[in-house]
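> From first to last, the protein sequence lines stand for chains A and B. Per this note's numbering: the first sequence ends with 256, consecutive numbering throughout. Per this note's numbering: the second sequence ends with 196, consecutive numbering throughout.
Pairs of lysine-lysine, DSS-like flavour, derived with a Cα cap of 30 Å:
no.	chain 1	residue 1	chain 2	residue 2
1	B	K181	A	K48
2	A	K200	B	K174
3	B	K174	A	K212
4	A	K51	A	K218
5	A	K128	A	K48
6	A	K105	A	K200
7	A	K128	A	K175
8	A	K249	B	K174
9	A	K200	B	K167
10	A	K105	B	K174
11	A	K61	B	K181
12	B	K167	A	K249
13	A	K61	A	K51
Computed Cβ-Cβ distance ranges for the label pairs, DEER-style:
no.	chain 1	residue 1	chain 2	residue 2	range
14	B	F114	A	F155	48 to 56 Å
15	A	E223	B	L91	53 to 61 Å
16	B	L94	A	D71	33 to 41 Å
17	B	M153	A	A149	45 to 53 Å
18	B	G83	A	D71	42 to 50 Å
If you're looking for bench data, these hints aren't it; they were derived computationally from the structure. Where a beta carbon is used, it is the ideal one built from N, C-alpha and C, also for glycine.
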Amino acid sequence: MVRVAVVIPAHNEEQALPSVLKGVKEALDGVYEYKIFLIDDGSEDETARVALENGIEVARHAYATGVGGAIKTGFLMVKEWGSDYIIQIDADGQHSPSDLCKFLDEISGGEYDLIIGSRFLGASPDINFVRRIGISFFTWLVNRLTSYKLTDITNGYRIFRAELLDELFFSSEKHWAIEMTLLASKNGLRVKEVPIEPMLRKSGFSQFHNLTMFFWYPLRAIKQIFSAYV
Amino acid sequence: MISRGIQVVGLGVALIAFILTYLLRRKDRLTSRAFLFWVGFWFTFVIVDVFPSLVSYITPYFDLGTNMFTLFAFSIMGLFVMVFSLYSYLSNLNYKVNRLVRKQALLDWKTNSLVISLDRVETDG
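If we strip away everything but chain A, and leave its shape as in the complex, we get:
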C-alpha cells in the first residue's frame, strides 16, 4: 500500500483541528497507509492535547518559530517514518481535506514531482485586497525567476515525492512556500497546480492579523528570494 505522511503545522488551533483531523482520516482511511504528524508551534491553547487525543504523532515547539519552522520539524519526523508521498495541510480549516485525493491522484500519475493547491484556479477566494496584491506580486516574481506558470505561490497545501525531501528542504522559518518553489525550480522538478476549494477560517487568527506582519512579510519574502538565489 502507498505510504502517505501528512504534515500539519499548528499554532493555537484547538477549535479547528478536530474537524481537519477527521477530514484527513475520512479521506485516507482504507485507501492509503498514512500517518499524521502535527507540529504544535508554541501554542498557548490545548492544540497538542487535542492532537494527542486523536492518536496522531505530535511534536511540540516550546515557542513559535513560524509555519516554515514547524514544517521543517515535521519533515524531520517524516524522515524517521519513511513514506512515498509527503502532504502538507494547514490546521486552521482553510484547506479542505476532501481535496487530498485530488492531490494524491495527480502525483501518483508520475508526471509531476510537486503539486501545489491554487485558490485562484477554481471559485474566487475570499482574500482581502492587500493580500491579493501581495500574492499576485510574489507569484509573478517567482514565475519570472523560474519557468513555471503558477497562480498561487504562497499556498501551503502541497504534496511531493518523499524521495525529493532533501532537495526541497528549505531554510526559511517563515516564507517557506516561496523558497520551496524556487528550490523545486533549481532542481529541475516538475510542478503543477490543482484547484482547491477555498475555505474560510472558522476560528483563531491568521498570521496576517496585525499591521506589523503586513509590513514585514514582503521584506522577508524578498530576502528569502534573494537568499535562495545567492
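Start from chain A and add chain B according to the hints.
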C-alpha cells in the same frame, strides 16, 4: 561650536550609560572585554563632548567642512555599524534558538513514542 546645553545633555547620557554598564557588569551580564569596550566608548564620548574642538584635528583629513559635520558623519556611520551588528547577532541568536527548539521537540517526540511502545509491549506481554 557646540552649545553648552547639548554638552550637558551629552554628559547626562554618558553618566546614565556608565551606570548601566557598571550594573550590567555587576550582574555578570557583560564580559570583562565588553565592559572595557563600553567604558572606553563612553569615555571617548565624554572627552569629545567636553572638548568638541578635538574633532578639528581629524576634520581636515576627511574634507568634511565643519567639526559638527564630521561628528555627525562619524556618529551616523557608527550607528549603522551598530544596527547591522545587532541585526547579525539577533539573526544568529534566532537561528540557534529555533534549532534548539526543534531539537527539543524531536527529542520529546521520540521519547514519548518509545514510552508509548514500551507501554504497549508491557500491556500485550
